[in-house]
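**Student:** Let chain E serve as the given structure and place chains S and H on it in line with the hints.
Protein chains in written order, with the UniProt record's numbering: chain E, 1 to 311; chain S, 1 to 852; chain H, 1 to 128.
If you are wondering where the hints come from, they were derived from the structure by calculation, not from laboratory data.
Note that the structure is predicted; figures quoted are calculated from it, not measured.
It is possible that some hints are incorrect.
Claimed, not checked - Covered by chain E, per the in silico footprint, the following chain S stretches (three or more residues, Cβ under 8 Å):
#1 157-164
#2 299-307
#3 337-344
#4 465-471
Ideal placement from N, C-alpha and C gives every residue a C-beta, glycine not left out.
Each chain is listed here by its residues.
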Amino acid sequence: MLPLVLTGCAGRHNWLASAGAEAQAVEDLFWVLILGAAVIWSLVIGLAIYAHQTSAPRKEPQARRFIVWGGAALPTLVVGGLLIWGMVILRDITAKEGDLTVRVDGERWWWRVIYDGPDGPFTTANEIRLPQGQTTLFRLTADDVIHSFWVPALGGKMDMIPGRETSLTLTPLEQGNWGGICAEYCGGAHALMRFDTIVMPPDDFRTWLAAEAAPAEIAADDPGWQVFLDEGCGACHTLRGTEAQGPVGPDLTHMASRERLGAGIYAMTPENLSRWITDTDRMKPEVDMPAYPHLSGAELEALVTFLMSLE
Amino acid sequence: MTDEIKLSDLPPPEPYDKARDEAQRARLMKVWEAPKGWRKISAVNNSLVGKWYLLVSFGFFTFAGILALMMRAQLAVPNNDLFSQELYNQLFTLHGTAMMFLFAVPIFEAVAILILPEILGARDLPFPRLSAFGFWCFVIGGVFVCGSIFFGVAPDGGWFMYAPLSSNPDYSGLGTDIWLLGLSFIEVSSIAAAVELIVGVLKSRPPGMRLNLMPLYCWYVLVVAGMILFAFPPLIAGDLLLEMERAFGWAFFDVDRGGDPILWQHLFWIFGHPEVYIVFLPSIALVATILPTFAGRPMVGHSWIVLSAIGVAFLSFGLWVHHMFTTGLPEISLGFFSAASEAVAVPTGIQIFCFIATMLVAKVRPSVPMLFAGGALAIFVFGGLTGVMVALVPFDWQAHDTHFVVAHLHYTLIGGMLFPLFAGIHYWYPFVTERMFSIRTAKWSFWLLFVGFNIAFLPMHWTGVMGMPRRVWTYDLADGWGLLNMISTIGAFVFAAGFAVLAANVLWPRGRQAPVARNVWNAGTMEWSEEIPGKPWGVRSIPYIHTRYPLWEQPDLIGQVDRGEWFLPDAEEGERELIVTDILDARPLFVQRVGGPSYLTLGSAGCLGTVFILATFHLWALTLIFFAGFVGFTLYWLWTGTARIPATLEKPVGRGLVLPTYAQGNRSSGWWAVFITMTGDMTAFMGLVFSYFYYWTAVPAFLPEAARLPVFGWLVAGLAGVLAGWGLTLLSRQVLRQGRRGLAMVTLAGSVVPSALGLGGFVWAAQAAGLDPTRTSFDAMVWMLVLWLGLHLGLNWVMQLYVTARIYAGHCTPRYCADHYNLTLYGHFVVITGLTTFGLLALFPMLMGVFG
Amino acid sequence: MRPKHAPRVIDQGSVWILVAVPSIWAGHFLLSYWIAAIWCAKLPAGASLAEIRWVIAGLGALSIAAIAGLGVIAVRRYGGEFLVFEEITESSERGRDRFIGHVTLLLCGLSVMAVLFTVIPGLVIGQC
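So here's chain E without its partners, still in its complex pose:
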């Protein structure tokens, strides 16, 4: 079982996936600590078992020397050394600026993501794309409760706290879709607050950024767009470039280009989207979005088709 775990066959969220510079720094520390702990544990427990079982008790001075050297001196040196090493790593993995800046705002229970696009900042949600090999500075906020932003494969986590801004730098080294997780319990559907982190070559990233910054492309006579407007979806959701400017829920301008639905929890398929609209609370309990079970089959289909066209 152990090799299976270590190879990280399900490594999307694995700290030891070596997908980011910050994660790698901790990985070295991790292995030294685990092996060191195994050695120390074996020595101490071995000694204790020996001391309990032996029929030839030791002389007292010898035992007392153990207290001084094994109990006091050795631990002092070991933890002192580790403290210094830990501090040096900490200093090295915390940068105050990055090649690009992404603002992420934690909401119950999804992520508002703000990029600096070619024409100024724009908002998207629940999926973060990053250029490979570049350092990204995340500026993190929250406006309801405390959340925590974490992409285990890339590096450590940082809390998102109402009333203040925290920051974290990540330098992804491997391409792929690395899972992101809310690590601080935020009530209700905390377990279902995820996001995708897609690391791509820097050129692809620039292309994606330009496309993502563009407004939504909508045919005015699309029946699904009519359903969207009639049901008042625009009161909560924004489709950039249209009259739908709701600030409450995730931005849907390019929602169909995202890999997942419902804050990183369901594959973005028409079936899932349809269920999301009619059975929202079953898909993600306690979520703020109301369900729309009254939509007729035709309306629902039109709405889903419309939303799936928002690439």
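**Tutor:** Using the frame of chain E, we list chains S and H on its own:
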């Protein structure tokens, strides 16, 4: 010093006389016997209350364990819908809460109440009724908090209740109020127990038991009770802030009004991390008591263990921010706490190596308690090593809030607390039941527990490494966490089976089995001197102790004690009597009379519990009525049960020693109890002071412009009033000493007036400036400080009038006025509170250049 | 025989010194934390800690000196010794004093170690 007892100077005991012995025993029995039948609930004997405490704590442990099994069942497979998200969030919150507040801390108190007096060779703790009061508070509060889950309103904010999830009623419901009020209530009972235990260790030692001879268990109890005194109050302060925000909208954690949610985390973890050691040290204390018995020799490195207990206690107060490494504090701040978190490994290492050294120099008798102690060591050392890992900031940034931390904390708590406790349960089982448990069954339970634990929690480290956060009620198949979780669930059920076997073994009725021999393990500490069948009085006579392991090192001690050759062998006056000794050398000071069975404690605890429960539902009128009931019961209890002037002012206690039967000032236990309680109270106040400065550091523009400061002149007037009230109280004691009772009563009752006017000054200073606690954190903080001062002054007035009445009734005389000493001591603390409040409200803004 | 004296807390060799020694560590720890926290709260992120680290190190040196001072008291007034191979079990005032002095010396060692640990982050971390 002539009050040192010299063993050689003591007259020899009177020759044994069977008739006298039987008469003395009969009198002792009459005095110490607990009531029979249903009246038993009024009992206050430590042996009974301790046993109840232990059973109820294990009841809550079982309850919280069942919640854990439910969680494990839910997590066994991916995408499980066995339990709902809503229920799961309640399950883990209540599991953590109950395990910490209703098991881990109370079990320390339970064990200490049960065995501390016996280890000290004392008849009981100095305040038996206070123990009973604390126990009933614990039962009521615990049942209230746990019961909430059957109504679907259990707290669901996680056991550390982070604001704003907990502070904003939009995000959290009644459960949070139940958590806040229920636990505040239990914290009060913990502090009561801490006061009791500190005074117990310091003042109830047997004559001659100097500090260097005091058993290690007592050192640990002293250290841990001291930690409770400094760790719990900041949380009580935090609870107060949080509940004021929830119930009345005061602005403490709401960022839009100048509050800060991180303040809650500081207040919580200033409590929360020492708490871990408050839980851990008493269990290690059990091992430190058990191990010498089976090694058959004194502990090697006794003083090093004392060092390590004191060292851990201090360092543990420098770790709290390691729970907050990911909150974006400056790296240098994280560094300090990382440093202290690493440093605490050193005294812990010393502690463990003292145990190993003791085993190295002895032939250890294998036994069930040692088996559990060994399992504890194996588990705890691993938990300690992962603790060294998570204390490193970069490591913690990955591990924090994942199942790695869940695994780590269970390794430290189950290895450091539960297994040693099980060792203790088996060790003292014959002491409590006078029977022997089944050794075969005990070994079965050990291996089921040990193997089950490791199957459950070892893989959980990897679950964390693979990215599974804690407190998630479900996960996806594609996450790849399914196999590890299934293994953990299987382990958890094996562990539960082990506990079931252990519980069956311990609870199995063995009435018909032959009793064990006296001192069945051949231990060296005093509790094993107990007669079989046991007697309600503890020790037959209170011996002079001059060794660390008296049963080994003082020949025929048991015989001498049994024959009544030592102190207080009789109860001629029909009173429950203890010997109170001094802190350093345990020189006998006086004979203290303690209360017997009483319903007053029950009534008092019942009313106070109802107050907290009703407050949860905001039924303020009923709350006030029960509060009055609480005050009534408590005053009647104090009036009839404490500081009574005895008929004879001294009595011979045997072997030529004559002791006073009344004490006041810093000789008396009551004075020390007030002093210690008020130290805890002052710590809670310091929590508020910390909050004030925290806001000043963290919230820009916390201090408002001059026009919105409390009015300086009124603050000065307020302080003057408070000082005048205090001065009159002091004056009344002087006057009373001179024998002028009338004048003393007038000055004492009269001191309420300036004091009340003083409070009015403080209130008006805030009111006149238009401060509104729901508007900004500064306004809320000002009102909170004034409220705190007001509560303390209010209690002061009750005490002043109470002592006035005591003088009037003749219970407080010019020569014997213990109540008045305690009152003035309390008054000193209130004056410090008043001066500090004045400093914060009037002087600090001035220092910062704002003039009101 | 009758008891004469009230309990002795501060005078005549008491336990205050056991609490005082680690309290110096606690004082240094809290002071370092507060100074750095206030400095970083009142200045922008990334501000230099150059001055602060010397303050922390200086306070550390002072604290160690104070601990050493208490160590001297433990030796002179209490007769404390750094004992490894012996237990102090004699039943006398002198024995109790020696015990307190001895534990105080051990606490001095632990506290010095803890103070040095606290200085380490100050030396490694250079900015807020």
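**Student:** How about the segment 465-471 of chain S: do at least three of its residues have a C-beta closer than 8 Å to a C-beta of chain E?
**Tutor:** holds (count 7)
**Student:** Using a Cβ cutoff of 8 Å, are there at least 3 residues of the segment 337-344 of chain S near chain E, or does the coverage claim fail?
**Tutor:** holds (count 4)
**Student:** Residue count check for the segment 299-307 of chain S against chain E: does it reach three with CB-CB under 8 Å?
**Tutor:** holds (count 3)
**Student:** Establish whether the coverage given for the segment 157-164 of chain S by chain E is satisfied; the threshold is a Cβ-Cβ distance below 8 Å, and no fewer than three residues must meet it.
**Tutor:** That given contact holds, which follows from 4 residues of the segment 157-164 of chain S lying within Cβ reach (below 8 Å) of chain E.
Every hint, counting from the list given before, is met by this structure.
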